[in-house]
Amino acid sequence: MLPAAEKVITRNWGKPDSWTLEAYRANGGYRSLEKALGMTPQAVTDEVKKSNLRGRGGAGFPTGMKWSFVPKDSPKPKYLAVNADESEPGTFKDRYILENDPHMLLEGVTIAAFALGVRTAYVYARGEFKFQAERLQRAVEEAYQAGILGPTVLGKPFGLDVFVVRGAGAYICGEETGMLESLEGKKGWPRLKPPFPAVVGLFGSPTVVNNVETIASVPTIIERGAAWYAGLGTEKSGGTRLICLSGSVNRPGVFEITLQTTVRQLIEDERYGQGMPAGRKVKAVIPGGSSAPVLAAHEIDVELEFEALKKIDNMAGSGGVIVMDDTTCMVRSLWRVIRFYAEESCGQCTPCREGAPWAARLLRKLEEGRGEPEDLEILLHVAHSIAPFPPIGLGNTICALGDSVALPIHSFVARFREEFEAHISQHRCPFGDRPWGHYGALRA
Amino acid sequence: MGSPFFSAEEQRVFDAKLSEILAHYPADRKSAAMLPALRLLQEMKGWLSPDGMRLVAKALEVPPERAYEVATFYVMFHTHKPGKHVVDVCTNLSCSLRGAEDLLAYLEAKLGLRAGTSNEKWTLRETECLASCGTAPCLQVDEVHHEGLTRGRVDALFDKLS
Ligand SMILES: Cc1cc2nc3c(=O)[nH]c(=O)nc-3n(C[C@H](O)[C@H](O)[C@H](O)COP(=O)(O)O)c2cc1C
Ligand code: SF4
Ligand code: FES
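Protein chains in written order, with the working numbering: chain E, 1 to 444; chain C, 445 to 606.
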């Protein structure tokens, strides 16, 4: 049987008043910060490096390595920008960290800031996270009052300010340089890289951008040690991971899992998804947020881990696992995904700005039974002009949103081509007015 | 001092809150406060009128078109006066797999307007994924999440809004 995951991120969830400083301290909180402040900044970074922690925001980049890209000799101030934009469709984990354990994030922020020589950190929460941002803001205020933030941190000669900033509704501000533009008070247009934010980031200064879950993992790494944390994971990625399970499955939700867990186990295990609705089978699963390529039913024995998914030309992404059952229409599903990216394209790059809406129009045409035989090739051609497939990597655009248009199209058509063709030959959606599968109707 | 746009009291509140916000940014980066400043204005006036945006731009020492450019980029900023309540329904993939298309149709019928339109009382829109995919379907009313919706819960929620 699948071993239970150690509780790293979720260990305080469900405890009474878990979001308050008092409860966090009673549960052992802020002791890692004390420990870190007794180390050298370099030793803290080394510990994070050795832990094999990889970014939980989407790209899975090794966190310790990212931190070591920050130039040591820069005369400019350095910044930490925590990405709490959480907008990738199918992803809903960071909000629960903000709701249930904001101090775990703040402890991670203080330790990271100490390691990086940062005196000002920003947490950028998506605009829709009013409640979550307010809860974090309350925790920040508690931390200032307790001397954890401010001109000195726990009495040590190291000062840190943390500011919570809310976006205002734009998916692209989750992309790290779009987020930095937004933090600078502008529209969220991603920047051309290089230079990377670690060298030229916020206000032209070296800036580390990390996801909420990434930073929230840091206190445990310092507390239990890099070797312990690395040992929880696989050879190249340490720790446990939050996975967001949604769609056509009996028990959707956020689960902390070991990286050895496969997509199938996640869906079927009693502790997680509890299987498919009665009589239904898996048809397709998106394993890493809606930007990731789709898997067909026979491909779901893959571990939800960065390298394992990369090996099959997929990605672990943001941990959003979306399940579609055998009565779900793939054309309609893809249309929803592409419509979203078309809506959210920032408009800077022609292939993305023009290609995404074009693809969305073609998919709508197919779904409504107006498709013509050549439309499928046009669709693939449009996708290819944005980004080729495989390999996964930046296509012909400034940021990876372009890939998020191309990868779903390529992968859906490659695996479910007959279904797309059936829409054309039958001049209608074969699923009629019930395209969304077992749970697809609004309940009374 | 008051202006035709703000009463003296409003001006005082705006100035006080803005100076608090400005303390979060380097002194030579006033314009970084654009999002929080526009949000402040919207909270006070309900929407971002051209006069209001000019005022924010002036306070942040940037040209007015900069405020307008930012305001129109983000969907939560209203550069046209919205209805009394703004309803944002997620129809993204995870929510559609749990009844979001029905939810939207039900609301269109219940509120008597099409998605993407407004009347005095309501602005009804389809929105991006709200990070409630595990508790789908969901929507926001006036920036507050409502999750795990059924027809019954929608009725209970909307029938008490006036
Ligand atoms: C279009 C787009 C949207 C993204 N949205 C998010 C997001 O909402 N949250 C997040 O943490 N990372 C998001 N990312 C990834 C960030 O660019 C960045 O890689 C990440 O925040 C780095 O943190 P990590 O190394 O801790 O994962 C997005 C990337 C792209 C291309
Ligand atoms: S790929 Fe799309 S979202 Fe990204 S910068 Fe280009 S136009 Fe903007
Ligand atoms: S898809 Fe609706 S909240 Fe994520």
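Be careful, since some hints might not be right.
Straight-line distance between alpha carbons at most 20 Å, and here's what the computed EDC-like set of lysine to aspartate or glutamate pairs gives [to be verified]:
id : chain 1 : residue 1 : chain 2 : residue 2
1  : C       : K461      : E       : E419
2  : C       : K474      : E       : E181
3  : C       : K474      : E       : E184
If you are wondering where the hints come from, they were derived from the structure by calculation, not from laboratory data.
Hints, one by one, checked against the model:
Simply put, C/K461 and E/E419 have alpha-carbon atoms about 56 Å apart, too far for the 20 Å limit, and the pair is violated. Distance restraint check for C/K474 and E/E181: the Cα-Cα separation of roughly 14 Å lies within the 20 Å cut-off, and the hinted pair is therefore satisfied. Between C/K474 and E/E184 the CA atoms are separated by roughly 9 Å; this keeps the pair inside 20 Å, and the hint holds.
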